[in-house]
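Colleague: Chains as they are written, first to last, in the numbering used here: chain A, 3 to 336; chain B, 3 to 336; chain C, 3 to 336; chain D, 3 to 336.
Just so you know, the hints here were simulated from the structure itself, not pulled from any lab data.
Any given hint might turn out to be false.
Identical copies look the same in the list; a pair holds intra-copy or inter-copy alike.
Unchecked claim - In silico EDC-like links for lysine to aspartate or glutamate, alpha-carbon gap of 20 Å or less:
1. Lys237 <-> Glu327
2. Lys227 <-> Glu269
3. Lys237 <-> Glu263
4. Lys294 <-> Glu311
5. Lys237 <-> Glu296
6. Lys237 <-> Glu311
7. Lys237 <-> Glu269
8. Lys294 <-> Glu189
9. Lys237 <-> Glu209
10. Lys237 <-> Glu207
11. Lys294 <-> Glu281
12. Lys227 <-> Asp280
13. Lys227 <-> Glu102
Protein chains: 4
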Amino acid sequence: MTTLRPSKPHPTVSIQPPTADSAAQEDLGFGTKVSQQIRTRLLNRDGSFNVARKGLALQRAWNPFHELVTMSWTRFYLLVLGIYVVTNLLFASAFLLCGEGALLGAPGRTTAGRTLDAFFFSVQTLATIGYGRISPEGLAANTLVAIEALVGMMGFALATGLLFARFSRPIAQIIFSRQAVIAPYREITGFMFRIANERTSQLFEVEATVVMSRLEGEPSERVRKFNTLTLERSKVMFFPLHWIVVHPINEASPLFGLTAEQLLESEAEFLVLLTAVDETFSQAVHARSSYKAEEVAVGARFADMFQREGEALTGIDLRRIHDIEPASLPGSTS
Amino acid sequence: MTTLRPSKPHPTVSIQPPTADSAAQEDLGFGTKVSQQIRTRLLNRDGSFNVARKGLALQRAWNPFHELVTMSWTRFYLLVLGIYVVTNLLFASAFLLCGEGALLGAPGRTTAGRTLDAFFFSVQTLATIGYGRISPEGLAANTLVAIEALVGMMGFALATGLLFARFSRPIAQIIFSRQAVIAPYREITGFMFRIANERTSQLFEVEATVVMSRLEGEPSERVRKFNTLTLERSKVMFFPLHWIVVHPINEASPLFGLTAEQLLESEAEFLVLLTAVDETFSQAVHARSSYKAEEVAVGARFADMFQREGEALTGIDLRRIHDIEPASLPGSTS
Amino acid sequence: MTTLRPSKPHPTVSIQPPTADSAAQEDLGFGTKVSQQIRTRLLNRDGSFNVARKGLALQRAWNPFHELVTMSWTRFYLLVLGIYVVTNLLFASAFLLCGEGALLGAPGRTTAGRTLDAFFFSVQTLATIGYGRISPEGLAANTLVAIEALVGMMGFALATGLLFARFSRPIAQIIFSRQAVIAPYREITGFMFRIANERTSQLFEVEATVVMSRLEGEPSERVRKFNTLTLERSKVMFFPLHWIVVHPINEASPLFGLTAEQLLESEAEFLVLLTAVDETFSQAVHARSSYKAEEVAVGARFADMFQREGEALTGIDLRRIHDIEPASLPGSTS
Amino acid sequence: MTTLRPSKPHPTVSIQPPTADSAAQEDLGFGTKVSQQIRTRLLNRDGSFNVARKGLALQRAWNPFHELVTMSWTRFYLLVLGIYVVTNLLFASAFLLCGEGALLGAPGRTTAGRTLDAFFFSVQTLATIGYGRISPEGLAANTLVAIEALVGMMGFALATGLLFARFSRPIAQIIFSRQAVIAPYREITGFMFRIANERTSQLFEVEATVVMSRLEGEPSERVRKFNTLTLERSKVMFFPLHWIVVHPINEASPLFGLTAEQLLESEAEFLVLLTAVDETFSQAVHARSSYKAEEVAVGARFADMFQREGEALTGIDLRRIHDIEPASLPGSTS
């Protein structure tokens, strides 16, 4: 059986009990009820929360800017295309309602032809092209043109702002290693995971916080507790390559003496929070992830991900960030 | 009679006097005169200040950007529409002043017809459509076109910037429970209110400050004092659901031993300040509100707002954020 | 003779000498040579520095964005207009160089007429109006159109960005009272000045730093020293009205025992630095100003600037921010 | 032989060994392997990192916004021009594929003529000019126009956002003196370099961190160590002129007792990190640079760079920032 650090004669050492206050501080804002009752993970791998929020009249809760800025590029472009087509269809219908003489020079003679003429005239107006082969005739058509021009300009203004917002949004695209490991660390063991910056922009002052959450207490009245893990170093000034975040499992660690089985059985989850400064716009960025007990490889370590030419180190290979290799833990008999 | 915590034999315990210095620190910037003389609330429920500022030549005090960015969407769109119509009317008049031959190809023969032609030609120019059926003839009309094109482009540039600014402005739309409560809290009582994030974007590092302001001293020379209330926890790292902010009314609390009647009579007001970080753009956001004594329900607690499917917790229902239910306070005989 | 606080028997008490280290810390970055040799003020009333910086190849030192964003609106609009006219003149010349047939449909027959046609055709192209009465003919003219369209779009994009940048730039428009005063303060005296927020947007967490700079030491070897003045309160959470910043002249103050004449003679200057958070975009803002000794009224205080209706306080009148009234100082015999 | 401070009888004093912990803290995030194995400099003079990062599917690692915002203006404009031409070529080809009658009014009769017509019609459509001499005929051509108009508007929106982003990006253009010096400083010596603000916008709260990195230990097992150098002052409130950053080489300094030869031989590198606040937008800015041992002039000091008119100081001359002059060090016999 593999234990995390079984070298001293207390197979299941009790973890130092957090005081009521610090426990309250450390539930991170999930609230007592949620953290006790949610049986799956609190935080998903992509950093989103595993809880739902309902209610409120939709027009209040809905934050269109947030939606439009965070949706995928594919959805965004499809939405823009859809709005473009629908707007032109609406104005085309309105031009058709103005009667036959409203679009001077329109060649269409059939209903289909006139409909297409109206649609393409609308396109030329919304986009402010105005070839002039077709031009509006009469008060109704001219008024529609005035409205459509304003709609076109405001819509374009919106699209400009949204595109800029989408581009300039500070996102830390951090790659987290697929698994965390319990690896040898100096004379003892350590809980470790590996992160790297996926983007070409530099990150600064990267700071990590790791909180372990697990069920504790007697089987009859187990409650989920939160413990912040002390890190070997919690902040790096630069982040040009990768960083293996290390929590040394010494006697002060809440992991001290726990077995892999106990981690699994107590539904342990390691919540990871990163903050950093993105160089491009000196913006603060955030990243979150979590490791469930079953995503922690006990008795493994991260494989070297450096690239070499001969003896010289020339860089790192981000594709190898998830690579781990077996490592025997001190005191382990496996 | 309901008192907040009458368990010990001092029905109207005097509140620990703040030192001159800390009192000065805690009037929050309202100034001595204002906080003494204002008889209604200092802070409105929506977080605006209950004081007026006048004077200054208008062109200096007026901050058009602030106005244009913070006005309602309805007003904003009406303003844009109004400016669009007025600008076209002005240029239409100018085109009319250029004489009959200035708009080549304009079909209008009557005054009304010529006016409409000028207006719609202006639209086609301001929006840079330029169908060309009507085109400018002569120096005056062409110069007007050059000016209108520039005005159109600059106005459109402004609208683009304003739309983006309105959208990207960091606003924490926090819902505050309609009432605060004095509820049972562990062995004692607590002053509590409930907040939730109304928007779909996440907030982080939400921090609350609560200051109680009330008239103190002898009836003849009562002065308004400010006391910051100690909170059970003043900051949460995440804010996925709701948060009940709790000030425990222990012996150190300025609320200790006060009755509901005393709160009302001394014109107590609880000023709430929230700061947080909005995830979308990592921006700091602020929210403010206040509870007057008559908005504090003594002997009540917040009702559960969780949604359940069978045993499982599936989310919260924001519509129930204001729900309170009676709760008997320790030591209360009501 | 008026002294700032002559109540104890030491007419010219020596100011506590700052240590070499703190002095170094407190020259604020002006550098030893500059602060010793500049005989006028270090900081102008509007917060700009009173020192010049020359050299560097112009293309490196010149920061066009900073210029374009900080110049006055009048200059900005004139610049935009100028660039618009010049660009059209350049393209008009180019179209003329393409020969007579290049602008199909142009009515001008004289040189002046052809020049005007080319200019207005350029306007219609740069602004992407394109009426079409005049249209390009041949490779040269069409290529020019392609270039001008791109120039027009990029120029317009630039103007859009600049307008937004100018509007959204965080500026704290703080009004500083024209004079500072040495006024009665509790039992002693205080150095005071009054500030108010000129704009309609709210400022938060306003923080003030006041540094006194004056020549000290023997007449033969006087050097300029810097002393940070302790404030009665250096930060206010809100800033809805005005704020009188107060430095109490107690025994620890570097002003203690100094006469008005000594302040003048030692070329004293009070440097004021403000930082705050602007509510509209949660942006940090800065403001600076300074008071020379001759701008300090000794034996005066700030007049009330509140507006009243009957007994009730209804607001403040910003026009009265500079109003001071005589006040006799404790211990003063004037 | 010139030593940095040889006044006491220990020619090669050992530097105080950093503890394992602080050493870990001070490798700045380069990681142990990289900092041990890289034989050239860690940080280039322009602040970029001297390590490579490879791997990852390109579409993930590539951050187009970062590229487009940080590339040179020349490359940016060439890219815009290239995309403009290529897009028009693509649409021109598509219009040609629609057949001969698709572009009504196009004068070209030869293949070359028709191709040019299609290209320039595309320009007039993409830029939304629409002269109308050539207009689309039929479903295919009209649909292409609708698509091209949308592409044109979105592309223009993108260009607008990018131009603004490029302009408003916070960049501290700090000039670092080409060389650092070991100069006389009070009674001892100091490691110094000179910086100035190249731009016309003001910087505030400029803060410097200097870390010395060199190989230490026995020749057989030398490892690179990092030591943060204590500065005479690490922060200035204003930065109107220049700043000579000074590390006094006293007994606590890791440079104490080292010779110039030892610095060279142990591959010493001085990493410099600056942070500041840019006034224009109150944005945080960063600057980095480094000095290798061979870029440190031992026994030199920075020449005066002030401009004078007669006796009066009128400014500084940034062209002289790199000027150094010989200076004999205390205790040096050279």
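Colleague: Can you give the numbers of the hints that this structure goes against, from lowest to highest?
Modeller: The structure breaks hints 1, 3, 4, 5, 6, 7, 8, 11, 12, 13; every other hint is satisfied.
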